[in-house]
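Engineer: The whole structure should be built from the sequences, with the hints applied where relevant.
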Amino acid sequence: MRDQAFAIYICFFLAEAGRAIHFVTVTWMIYYETEDPLVLGSLVGFGFLPSVLLIPWIGVIVDRWIRKRLVIIALLTSSGGMAVFLGVILLDHMQIGWIIGCHMLIQVAGSLFRPAIQAFVAEQFQVKELPVIYSRSSALGILGGLLGATAGGLMTGYLGVVVSAMVAACCFLAAVIVIQKLRENNGERKGIPTSEAAWRSLFNGFLYVSRDRLMIPLLVFMFHGQLVFHTSIGFLAAYTLEVLQQSAIVHGWLDATIALGGAAAGMAGAWWWRQAKHHVVTHSFFIIVLGLTIVFFSSSFYSAMIGLFLIGAGTTWVRVLLQSVQQMATDRAYHGRLASLRMLLNQGAVTISAPVFGFVAAQAGVEFIYGILTVPVVFCIVYGWVLSRKQRFKRLIEMAA
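In terms of our numbering, the sequence shown has 75 at position 75, counting the first letter as 1, and numbering is strictly consecutive.
Quick caveat, the hints were computed from the structure, so don't treat them as lab data.
Note that CB positions come from ideal geometry on N, CA and C, so glycine has one too.
Errors might be hidden in some of the hints.
Below, computed lysine-lysine pairings styled on DSS-like, alpha-carbon distance capped at 27 Å [to be verified]:
#	residue 1	residue 2
1	Lys68	Lys181
2	Lys394	Lys277
3	Lys277	Lys390
Now the in silico label distances, taken between C-beta atoms and shown as ranges [stated by the list, open to error]:
#	residue 1	residue 2	range
4	Arg183	Val378	39 to 49 Å
5	Arg392	Arg274	15 to 25 Å
6	Asp3	Gln363	45 to 55 Å
7	Thr34	Ala364	10 to 20 Å
8	Ser303	Asn204	43 to 53 Å
9	Trp98	Pro376	27 to 37 Å
10	Gly97	Asn204	37 to 47 Å
11	Glu129	Phe297	41 to 51 Å
Structural biologist: What follows is the structure, encoded as structure tokens:
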């Protein structure tokens, strides 16, 4: 069982590293081609649109079908998308339409991968093992994403987009090899009866969330954590060029700073959980506010690094620890749909906010994006204080501590 868990960790790490390398490469290519933050925000948000529309139905599929096969399909699709992206570059047919098309395909594949592998984990391990498995796999997945963003920025600056695209494709293929070797244990599976209509399954998933008073606050917190993380990464290229007036190499080092903050937070996750206890929400979001404020007022590389480090740490704690709480509180039959709903909110935030923030950047400056993000995060601090007084939340925190 230890080998099973280790393979899950590696698969999470490789898949998220590949997706992050792809995302950094795409955002840099779009801004390099257009030199317009409004276009960057609009196109990045548009690239998430198909996956946002499909995510609710993906959750139903995950709760009905063999999860391991769905994980493999998602990874192979991502690798194929990067192969097309690489082919377009090598054939010198680089156009915005091709970039966004590959971006859409990989985002849809990612929307299938996450709920499928999370549900796969739920059926492979005992309930008492899930908090450790979920927290560690989430931490390594986010760490892989942060390090992938770093590698993507550095490779784009030093080696070019061809190398970064090849590395991303190799990450996805390596994850396929790892997950393929895992044994399946479907004895604990409690999926949806296949005779139930798909729309009814979807409706029951939303009904389950609406009846659980803990789910909605957790979804709100993770929504804002993802919003801050993706917006910070997505507009970092424009921030580097316009505010700091630096090159792609500096952009890579700033990505590395976010990765370092995330890595430190991931390694200290259990310690932070024990120290913050039921105040983990308020404390984590306070660190995010501090980081956003520093980046907003920063005009130098070094102060920006400090702010980005704090953003990386705070968003990692929010996304890893609160996702673990949610998985622990969710009935196994709903893991696929809950994961899809979480992703719907996360990617919906990017789809809607990216054009808005792009407009803000074009009118007022890229740095104002980071200032505006502090407003909803302060709201999360207040809301987190209210949640910290709930007995059920306290029990879940104590269970996993």
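Engineer: Using the Cβ atoms, figure out if Asp3 sits within 45 to 55 Å of Gln363.
Structural biologist: holds (54 Å)
Engineer: In this structure, is the beta-carbon distance linking Trp98 and Pro376 contained in 27 to 37 Å?
Structural biologist: Because 34 Å falls inside the window, the suggested range holds.
Engineer: Does the structure keep Lys394 and Lys277 at a Cα separation of 27 Å or less?
Structural biologist: Between Lys394 and Lys277 the Cα gap is close to 8 Å, so the pair holds against 27 Å.
Engineer: Is the Cα-Cα distance between Lys68 and Lys181 27 Å or less?
Structural biologist: holds (10 Å)
Engineer: Assuming the hint says 10 to 20 Å, is it satisfied by the Cβ distance from Thr34 to Ala364 or not?
Structural biologist: Taking Cβ atoms as reference, Thr34 and Ala364 lie about 19 Å apart, which means the hint holds.
Engineer: Do Arg392 and Arg274 keep their Cβ atoms within the hinted range of 15 to 25 Å?
Structural biologist: holds (19 Å)
Engineer: Indicate whether the distance between the beta carbons of Gly97 and Asn204 respects the range 37 to 47 Å.
Structural biologist: holds (39 Å)
Engineer: Given the range 41 to 51 Å, decide if the beta-carbon distance of Glu129 to Phe297 lies inside it.
Structural biologist: About 45 Å separates the Cβ atoms of Glu129 and Phe297, which means 41 to 51 Å holds.
Engineer: Within 39 to 49 Å: is that where the Cβ-Cβ distance between Arg183 and Val378 falls?
Structural biologist: holds (47 Å)
Engineer: Does the alpha-carbon distance linking Lys277 and Lys390 stay inside the 27 Å limit?
Structural biologist: Within the cut-off at roughly 13 Å; holds.
Engineer: If you check the beta carbons of Ser303 and Asn204, does the distance land in 43 to 53 Å?
Structural biologist: Holds, since Ser303 and Asn204 (Cβ atoms, about 50 Å apart) stay within the stated range.
Of the numbered hints listed earlier, not one is contradicted by the structure.
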